[in-house]
Amino acid sequence: MTGSLQLAAHGEQSRRVNALRLYYFAYYGGLGAVMPLLALAMQARGFRPSQYAWLMALIPL
Amino acid sequence: MLADRWFGTIKLLRINTAIAAMAMLVLASSRSIVATVAAFSVWAFTSSSLTPLADAGAYRLLGPSSSGFAYVRVFGSIGFALSALALSAFGVDPELRVPFAIAAASYVGSSLAAGKLPEGPPPTRAPLAASVRLLARRADALLLWLGSAFYYLGHGAFDAYFGPFARTLPGVRAETVSFGWAVGVTSEVIVLWFVPRLLVGRLRRGVLIGAAAVAALRWWLIAEAQTPLSLWLQQPLHAITFGVWYLAFIHENQARTDDSIRATVQGVAAACMGLGMISATLLGGYVLEALGGRVLFRLASGAALLALTCYALRQWLIGRGERRSAREQSVDAGGSSARERGNNNALASSGAQP
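Chains A and B are the protein sequences, given in the same order. Just so we're aligned: the first sequence equals residues 1 to 61 in the numbering used here. Just so we're aligned: the second sequence equals residues 1 to 354 in the numbering used here.
One chain only, chain A, in its complex shape:
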């Protein structure tokens, strides 16, 4: 009985860790799509570096 409870707890923990892995994978996957090219995208939309600097400065906020 104790063994099966331990097994269930271990299974639950492993599902949570996998969810966390999936979270990181998906979130950083999205970031990898835009982050390297963000400044270039803003330039393509007509912003100068000193203008889009104010937008980029919002990222850490």
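Treat the hints with caution; some may be incorrect.
[Said to hold, decoys possible] Chain B stretches covered by chain A per the calculated footprint, using a threshold of three residues with CB under 8 Å from any CB of chain A: (1) 31–43; (2) 223–233.
[What the hints assert, rightly or not] Calculated from the model, a selection of chain B residues having no Cβ within reach of chain A, i.e. all distances over 12 Å: (3) I15; (4) S47; (5) T51; (6) Y71; (7) A84; (8) V92; (9) G115; (10) A141; (11) P170; (12) R204; (13) G210; (14) V214; (15) L217; (16) A255; (17) L313; (18) L317.
Since the hints were made in silico from the structure, they are not lab data. These numbers come from a predicted model, not from an experiment. Even for Gly, the Cβ is constructed at its ideal location relative to N, Cα and C.
With chain A fixed as given, assemble chain B onto it according to the hints.
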């Protein structure tokens, strides 16, 4: 603090990820200046909290072991590298509509995944924990945060302006910028598997200092790059300047923190990084426009040297504290053994057995 005191870490993580997804969708579907500014602002405001919230949740789930965190966080680097590689292979439209749409879909996926994570202890609205105030009074914690603000003053210049600077070199297109990032983050993935071994024992103490030295070198190499090849050759150093540094920084913040203030401490750490990044981004835009990318990356190298100075000073302070407490312990141990000897002598002279 919002997470620890009101919402709960995971709930706030899910809400912010969902809002960030909607903002990305607006960026993908509209190109007007007003919509771009509004959606970008919303995305920036929500996404800035995602990393510290996820990291705090991860430490709560995995415990204080840095190796457990590294082996989970590495999946983020894999996702980043795969996205950047895919875009460099398939090409991108200049306004990034497709990448923004991919990011929106990814954020929806991450919000769903966050729903499977356990919430931490119930949020408490008690006065700010005394341990946070204690932490803020500790010189080594303040030096860690100040050093990291300087560190990110340098790294922020890379994050924001590497693309525009790289495009000034002959033959570099948007896809090759993505490819450069993919090279850097792939090397980060490889190194992340080995980092946990660096973060134990005495070797851990030099990790932040070493990362700052490598960062100073890397930004200098970028500033001096004359060809795309010389620009890409330094990219594997990203493994150290971001991957190793980030894990060591998170570990140093979380190692001496209890569960009730994990998100708050992580928020303070992220705020220090953010301070450096905001300064880098704001100043960098003007420096890039007026003086060019080479000057910008030379200044970034100087900022990394300032970070190195703070980390070295912090390590010296910690070492001094440890030596002092070791001396006090040996004096205590010497005093108690002398007392024991004295007692034994007294007992012996009185003819009693100890």
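Structure-based check of each hint:
Coverage of a stretch by a chain is defined here by at least three residues with a beta carbon nearer than 8 Å to that chain's beta carbons; for the stretch 31–43 of chain B and chain A the count is 6, and the condition holds. Residues of the stretch 223–233 of chain B with a Cβ under 8 Å from some Cβ of chain A number 0, which does not satisfy the need for three, so the listed coverage is violated. Remark: the non-interface label on I15(B) is consistent with the geometry, its nearest Cβ contact in chain A lying 14 Å away (cut-off 12 Å). With a cut of 12 Å on Cβ distances, S47(B) falls inside the contact zone with chain A, its closest approach being about 7 Å.
Its beta-carbon lying about 8 Å from the closest one in chain A, T51(B) breaks the requirement of being farther than 12 Å from that chain. For Y71(B), the non-interface assignment is contradicted: its Cβ lies about 9 Å from the closest Cβ of chain A, within the 12 Å cut-off. Listed as a non-interface residue, A84(B) fails to keep its Cβ farther than 12 Å from every Cβ of chain A; the least gap is roughly 5 Å. Separation of V92(B) from chain A is inadequate, the least Cβ-Cβ distance of about 6 Å not exceeding the 12 Å criterion.
Not every CB of chain A is more than 12 Å from the CB of G115(B) (nearest about 8 Å), against its label as outside the interface. Distance to chain A confirms A141(B) as a non-interface residue, since its nearest Cβ pair spans about 20 Å, more than 12 Å. No Cβ of chain A comes within 12 Å of the Cβ of P170(B); the nearest lies about 17 Å off, and the non-interface call holds. With 12 Å as the threshold on Cβ separation, the claim that R204(B) sits away from chain A holds: the shortest Cβ distance comes to roughly 23 Å.
In this structure G210(B) is separated from chain A by more than 12 Å, as the shortest Cβ-Cβ distance comes to about 24 Å. No Cβ of chain A comes within 12 Å of the Cβ of V214(B); the nearest lies about 20 Å off, and the non-interface call holds. Listed as a non-interface residue, L217(B) keeps its Cβ farther than 12 Å from every Cβ of chain A; the least gap is roughly 21 Å. Listed as outside the interface, A255(B) is consistent with that label: its C-beta sits roughly 19 Å from the nearest C-beta of chain A, beyond the 12 Å cut-off.
No Cβ of chain A comes within 12 Å of the Cβ of L313(B); the nearest lies about 24 Å off, and the non-interface call holds. Non-interface call for L317(B) relative to chain A: holds, since the shortest CB-CB distance, roughly 27 Å, exceeds 12 Å.
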